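Dock chain B against chain A, hints included.
2 protein chains.
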Amino acid sequence: MAGNKKMVEAITSRDEDFAKWYTDIVKKAELADYSGVKGCMVIRPYGYAIWELMQADMDRRFKETGHENVYMPMFIPESLLQREKDHVEGFAPECAWVTIGGQEKLTERLAVRPTSETLFCEHYKKVINTYRDLPKLYNQWCSVVRWEKTTRPFLRTSEFLWQEGHTMHATAEEAKEETLRMLKVYTDFYAETMAIPAVTGQKTEKEKFAGAEATYTIEPMMHNGVALQGGTSHYFGDGFAKSFGITFAGKDNKLHYPHQTSWGTSTRMIGALIMVHSDDDGLVLPPRIAPIQVVVIPVAQHKNGVLEKANELKAALGKDFRVKLDDSDHAPGWKFAEYEMKGVPVRVVRRDTREKAFVPFEQLQDYIAELLVTIHKDMYDRALENTRQKTFTATTYEEFLDTAANRPGFIKAMWCGDSACEEKIKDETGGVKSRCIPFEEEHLADTCVCCGRPAKHMVFWGKQY
Amino acid sequence: MAGNKKMVEAITSRDEDFAKWYTDIVKKAELADYSGVKGCMVIRPYGYAIWELMQADMDRRFKETGHENVYMPMFIPESLLQREKDHVEGFAPECAWVTIGGQEKLTERLAVRPTSETLFCEHYKKVINTYRDLPKLYNQWCSVVRWEKTTRPFLRTSEFLWQEGHTMHATAEEAKEETLRMLKVYTDFYAETMAIPAVTGQKTEKEKFAGAEATYTIEPMMHNGVALQGGTSHYFGDGFAKSFGITFAGKDNKLHYPHQTSWGTSTRMIGALIMVHSDDDGLVLPPRIAPIQVVVIPVAQHKNGVLEKANELKAALGKDFRVKLDDSDHAPGWKFAEYEMKGVPVRVVRRDTREKAFVPFEQLQDYIAELLVTIHKDMYDRALENTRQKTFTATTYEEFLDTAANRPGFIKAMWCGDSACEEKIKDETGGVKSRCIPFEEEHLADTCVCCGRPAKHMVFWGKQY
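In order, the protein sequence lines correspond to chains A and B. Residues 1 to 465 (the numbering used here) make up the first sequence, in order. Residues 1 to 465 (the numbering used here) make up the second sequence, in order.
Bound-form chain A, shown alone (with noise of 0.2 Å):
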């Protein structure tokens, strides 16, 4: 054992097995590894890095967009979580639930938070009193507990981090604007920021969050055509409000309830990142959120001078870009396969004879930068690419159970609005679900392409992670 490098080895081909290569880029990359609690991941400082470059970015684009920070206990009493109906009967059967503190039995046992609508709706209570409390436009970062049987870092995690938004209005109106205005901000940083196209639209009600009025959803596809729910954000009316008597008094100097939204996004990111972006050589990352954007190789390091101009190049750079300089003792071409692996998105060689792309010293810092503009949106075209590619359209039930058998990805078609319906394409295509009803509906056909009756709405479908 001792003295051994670490090697790099090759991983699992993403078009033979893809859940399999899935996890060898988790694991060869070091982004997370298997803890010994049952369902919970450890995020590695490079996988942690990554989410810590995602959440600086959001939170710009939250607190831009007028939301302060607070933080709420991570535990919910059981008579609390109940107060709404739909909303325990959603998250209660998932939950974890502590039931000894100090040694002793709790007279009530509290729920480890699933998600926080009922704390924040407790706290809204006693600091909502007239319209100038409103609106408030509360976020929060913290982890989150959902019980699962079958886990998958990233992607299914008992223990997860994410952020809730959540925000309570004067009117419905500017409630709802906030929900879209928040669906807005998930989509524009999934674009600008991780290079990622995707699918926006509303949740029908079978799809929608337990307790909310209307939910909208960011829907990426992965390589291999299966979407991911990348992000969601509800409106809930006045329906919390109501159930834990909140209220303020008007200009018109009347009582009236509020009107509340949620939205959440999580570390799923990361493994959207890692199954939009990445390839057969390893992990590939949009440069806004690489830790490492450059890395300074030197080669025949041990020659006079190299050391000197690599740590010279790496302080030049250093004042634009994230850079790695890596002088350790492993060998160059160890070094290629582990930063490629590792998807650090411009590598520099330093070596008088043998560069890849011969720019001049002085030239490189500009050089660099539109690099990494033109690698984010090459990565983008190409997601978006595989998106049309893998994006089908149905008329007929038969077309739509040939797509979902034969050819993986979203399939548009028609839809009557009723859930039995979307429950009968599930059962008959193993898991295909209705993704959303777009922003932009096309009319595709009269009739829903399921039962026949008339159509309502076109809806994305699709398997999901």
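Take the hints with a grain of salt, since some may be wrong.
Given that identical chains are not distinguished, each listed pair holds provided it fits within a single copy or across any two copies.
In the DSSO-like style, the derived pairs of lysine-lysine whose C-alpha atoms are separated by at most 30 Å in a straight line are [what the hints assert, rightly or not]: (1) Lys412 - Lys426; (2) Lys206 - Lys335; (3) Lys206 - Lys377; (4) Lys412 - Lys463; (5) Lys335 - Lys63; (6) Lys20 - Lys126; (7) Lys28 - Lys125; (8) Lys85 - Lys105; (9) Lys149 - Lys126; (10) Lys309 - Lys63; (11) Lys63 - Lys20; (12) Lys335 - Lys176.
It is worth saying that the hints were derived from the structure and are not from the lab. All values reported here derive from a predicted model rather than from experimental measurement.
Relative to the frame of chain A, chain B by itself:
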């Protein structure tokens, strides 16, 4: 109720009732609120913004000293917690236990982490193989739970936010250096960012962390003379490594146990901030962590051009400082009291005739920059002066008891090294404990202030939060 303006009410006087004054400030400056979850608080936007500024500052210092952030599970299986004997004895009594997950009784109960040494060790066992894998310099930002009977916002709550560093090193020397390096980082943060001076040193055997070989501490004095343990840094030797079977192959090709440290600070620091600096008019914030550094309050804002000027001012100052313009329809008097209560360092009042400091517009930027530096220094000096005035020396036990009974503060006194004397002093003074053995001891006498046997160390003694 409707239309009522929120009024800034007077708070309890600090000299009259320090405890009530403290909770008044927490509540009136809107830092935190009680929640319906026993022992847990809600950290409100203004309080959380202070925490974010603290986090950003410390995180920068951690990264500059080579540390990386990670995330470990929030649950610890009971068998894992039991792996290190002293550690489990210290923490098990105050754990919250999850016994049900996903509607099923768990075969092994899970502690909600009170601290994460055991989780880090389990991971380190997997990722440390050779000397090349060392040092591991990891840190984690998260929340932890320690069941408490009596709680006070920020100072003692069943759940609190913190950072916990956990590092592994090839040699004992390196680990010891790390322990002291991180105590220094804490000391610098307290002085440079929080404007808080402190006594630092080593904890006695009796007061050290469960499972540690040595614990170092930073002990700032609150305005009332009571100490607050402001942060601790532990050297573990290879005790945990042996319990967990963590070994590495050295350059000598033999297996060795690595040496370990951990270090932590928490949202308690917000409690220290309040109790060191604030006064009868409310919170006083050191400029570097004030969420609002400058508030612009327009007087007669309905008059032509006043708001325009105020916005101009905000835009100009906003380039260098965190600025808020309050153009709400509250009266200026209300605004003055509000931002005084919230501890905003600088108030800029735009009115043609009644300025407090006459500073031409174009010099305001520089004037405020200097003012903020001065404010920080003055705050630090006042706190240092308070610490000096309330630090006493005792060479006889009578003197010690008299000081403990009548003059709140620190007592410097010699000690024999026997924890029986610490026990006796604690019992006979109603709670005075050893704070630490300072790095630079004075020779005050030859004998222990308590038992008269030969003295081994000078100790700082005092009551604590």
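Taking the hints in turn, this is what the structure says about them:
1. Lys412 - Lys426: within (15 Å within a copy, 75 Å between copies)
2. Lys206 - Lys335: neither (50 Å within a copy, 49 Å between copies)
3. Lys206 - Lys377: neither (36 Å within a copy, 61 Å between copies)
4. Lys412 - Lys463: For Lys412 and Lys463, the Cα distance is within 30 Å only inside one copy (13 Å; across copies 70 Å).
5. Lys335 - Lys63: between (39 Å within a copy, 23 Å between copies)
6. Lys20 - Lys126: Between copies only: 21 Å across chains, 50 Å inside a chain, cut-off 30 Å.
7. Lys28 - Lys125: between (48 Å within a copy, 17 Å between copies)
8. Lys85 - Lys105: both (27 Å within a copy, 24 Å between copies)
9. Lys149 - Lys126: between (38 Å within a copy, 24 Å between copies)
10. Lys309 - Lys63: between (41 Å within a copy, 25 Å between copies)
11. Lys63 - Lys20: Neither, since 38 Å and 34 Å both go past 30 Å.
12. Lys335 - Lys176: Neither: 51 Å inside a copy, 32 Å across copies.
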